[in-house]
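Peer 1: Residue 34 in the working numbering sits at position 50 of the sequence shown, with consecutive numbering throughout.
Mixed in with the good hints there might be a few duds.
[Stated by the list, open to error] 20 Å max Cα-Cα, derived DMTMM-like pairs, lysine to aspartate or glutamate: (1) Lys27 x Asp(-7); (2) Lys34 x Glu6; (3) Lys27 x Glu6.
What the hints contain is simulated information worked out from the structure, not anything from laboratory work.
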Amino acid sequence: MACGKCGGDNPADAHFCAQCGEGLGARDRSCAQCGGRVLPGAKFCTTCGKAAA
């Protein structure tokens, strides 16, 4: 799982980034196009496919 703050790679079950200490579930965003949830570290919305800002 990629950290939404620093991009560091972490195990899927990690709750905090091993590189910067950021909480991995706290950085969810909304898609500007459709309002769908954009997961931490995601580059694209899984609902509409628009690039995440």
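Peer 1: Compare the structure with each hint and give your call.
Peer 2: Hint by hint, here is what the structure shows:
Note on Lys27 and Asp(-7): the hinted pairing holds, with a Cα-Cα distance of about 14 Å set against a maximum of 20 Å. Distance restraint check for Lys34 and Glu6: the Cα-Cα separation of roughly 25 Å exceeds the 20 Å cut-off, and the hinted pair is therefore not satisfied. Of the supplied pair hints, the one linking Lys27 and Glu6 holds, its CA atoms being roughly 18 Å apart against a limit of 20 Å.
When each numbered hint is compared with the structure, a violation occurs for hint 2 only.
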